[in-house]
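Trainee: Chain B: place on chain A using the hints.
Number of protein chains: 2
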Amino acid sequence: MATSAKPAASLNEIRALLRDLPGPDLESGTAAVLRERNLTKPAGALGRLEDATQWLATWQAKHPPAINHPRTAVFAGNHGVAARGVSAYPAAVTQQMVANFIAGGAAVNQLCEAVDGDLRVYEMALDQPTEDFTQGPAMSEEATARAIAYGMMAVEPGVDLLALGEMGIGNSTVAAALCLGLFGGEARDWVGPGTGVDAEGLARKIAVVTEGVARNKPAMTDPFEVLCCVGGNEFAAIVGAILAARLARVPVVLDGFACTAAAAVLFVADRRSLDHCIVGHRSPEPGHTRLLKLLGKEPILDLGMRLGEGSGSTLAIHILKAAIACHTGMATFDEAEVSGRSA
Amino acid sequence: MATSAKPAASLNEIRALLRDLPGPDLESGTAAVLRERNLTKPAGALGRLEDATQWLATWQAKHPPAINHPRTAVFAGNHGVAARGVSAYPAAVTQQMVANFIAGGAAVNQLCEAVDGDLRVYEMALDQPTEDFTQGPAMSEEATARAIAYGMMAVEPGVDLLALGEMGIGNSTVAAALCLGLFGGEARDWVGPGTGVDAEGLARKIAVVTEGVARNKPAMTDPFEVLCCVGGNEFAAIVGAILAARLARVPVVLDGFACTAAAAVLFVADRRSLDHCIVGHRSPEPGHTRLLKLLGKEPILDLGMRLGEGSGSTLAIHILKAAIACHTGMATFDEAEVSGRSA
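In order, the protein sequences belong to chains A and B. Going by our numbering, the first sequence wraps up at 343, each residue one higher than the last. Going by our numbering, the second sequence wraps up at 343, each residue one higher than the last.
Worth flagging that the hints you see were computed from the coordinates, not collected in a lab. These figures come from a predicted structure and were not determined experimentally. Treat the hints with care, as some may be off.
Partner residues aside, some chain B positions facing chain A, computed with beta carbon under 10 Å [claimed, not checked]:
no., residue
1, Gly44
2, Leu49
3, Ala99
4, Ile300
Within a straight-line C-alpha distance of at most 16 Å, the following computed EDC-like cross-link-like pairs (lysine to aspartate or glutamate) qualify [claimed, not checked]:
no., chain 1, residue 1, chain 2, residue 2
5, B, Lys293, B, Glu200
6, A, Lys297, B, Asp302
7, A, Lys297, A, Asp51
8, A, Lys217, A, Asp132
9, B, Lys297, A, Asp132
10, B, Lys62, B, Glu13
Glycine residues also receive a C-beta, built at the ideal position from the N, C-alpha and C atoms.
This is chain A alone, in the form it adopts within the complex (with noise of 0.2 Å):
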């Protein structure tokens, strides 16, 4: 590397590193099964929270799991295409929320200390946004690389379960352009409300990303090459703080369509790459359900936020400090003197 004039990393090391990721700790996993037969419930009686067990050992490879220091990493990022008036709300709102994290007033704030967890803002170059993709690619290889390699920075030691979100006005255009890029079909099939614009909004985003996507379809040859045409920065850091997380063997929750439209890129470069990742909550977005159906994820939650930011995902941390809570805290069959099933 000390040879290279390349920035620290490029598009081909992250390609490279999703070819050596770490796989499932089985023994752990199946130690969460083993124990979790034995707790005094019928079998199966906890539903998703005994998967939860099992997943959260599984990808900590550790019996029993734990979620002592939950973080919340929320990437703020402008796109060329807000421009186009994709959006109910002006461009300056993604930099006037990330002051409203760093003040505390937002949503994600009061979620995350409900679950004890540390929240962390990252701000990439409001006043610098991505092109405007309906007139080429959103950003360079290099700064696609940069910003993965930036996202990266979320997983630090300590941290047990990574909950993702971003903020970004314009980005559900963006997720949409991601979407068929990365998986074709038609524009309107990726667009919805967003934020909330009427139909004749609706109607202009379906129109850019149809336009956009064209543009740029002879360069999206893999799906590094679609992130780097759409953009953006929030979206590659997500990428890189899932591949981070893999290694560094935390698990990620993922948030909505933005959120799971930018892990999607490293679902069609890899099919197990999102193994690691659950989805705390289910978007109304229309594109999110059809996405999370492509990744085979089935949402923790589904309460009608659509809101991003990292509220879904954070608030899922509850269910799975309470799969924790089950699995650690319940008596066996055997210490309670619990009858076990009649013959």
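Mentor: Chain B in isolation, oriented as in the chain A frame:
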């Protein structure tokens, strides 16, 4: 009352309570809606969290609502019909699980601790199961009224949210009989695997429920009579707890099939009587979804849990607390200097 030789509460006195239930506090509910509109998020972006806040304000009759002293009340009862082989577990497990609750080893203990809740377990004459309802009424009117009055004690001063639960081997059979008696249909519409009976056990449950409701049909002249006919103590106590909570302005979180079936007694008596109740979790027991549709209730969580004992209602408290935390802790657009929607 002093001149009456009757017990302290009669079914007629319970019926009279229903005619004079406190209604919604629309002023507090409206105050919640008005504040919600000014918080730094797109309108409605917190989805069901916003509905929950409004509902809590409406039924606590205060704004902002607060959950500082949630209580989980678990009522345990035994059922004569358990002797008919309708459960995968022997009836002795009811008492053993109560001991487990008291020792702190059950799922609900861990879940209650996680929400900073106060767990109360109400053991209801476990050595005196109700009568087998296939032979006649499970309980006398007096015993039913006494159990309802007993359940009312779960609402003590200071409790600001009540999560309900039950334990009773055989009680998914009782719940099915209760629903069949209240709403009609066929026994197979209401019977499910409960804690996990096999196909033969399921057929036995269907036969027992059909037989029991047919046998008692002539006496099932109103919802409280249906309750007497099929029992049991924990069902009647839940009816009492729901009523007492309404009178004390304490919102209620219902649990799975057995708990919701008990609540349905009140619903059939007066459709407004459950307006202060929300359902914490959807049970995979098929009768629960059928029942929820009739009650017009959409559960907060859907995690495949089928444990009862207040596990689903208690877990949902996290979501209600998070809703209040967002509502009270978030900045308004003005406070945070965040721009509203574009023109």
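Trainee: With reference to the structure, classify each hint as holding or not holding.
Mentor: Okay, the hints, checked on the actual structure:
1. Gly44: holds, 8 Å
2. Leu49: holds, 6 Å
3. Ala99: Hint on alanine 99 of chain B: holds, closest Cβ of chain A at ~7 Å, below 10 Å.
4. Ile300: With Cβ-Cβ at 7 Å, under 10 Å, it holds.
5. B/Lys293 x B/Glu200: Distance of about 28 Å is beyond 16 Å: violated.
6. A/Lys297 x B/Asp302: Judged against 16 Å, a Cα distance of about 15 Å means the pair holds.
7. A/Lys297 x A/Asp51: Holds: lysine 297 of chain A and aspartate 51 of chain A sit about 13 Å apart, inside 16 Å.
8. A/Lys217 x A/Asp132: holds, 15 Å
9. B/Lys297 x A/Asp132: Status violated; Cα separation ~45 Å.
10. B/Lys62 x B/Glu13: Violated, at about 29 Å.
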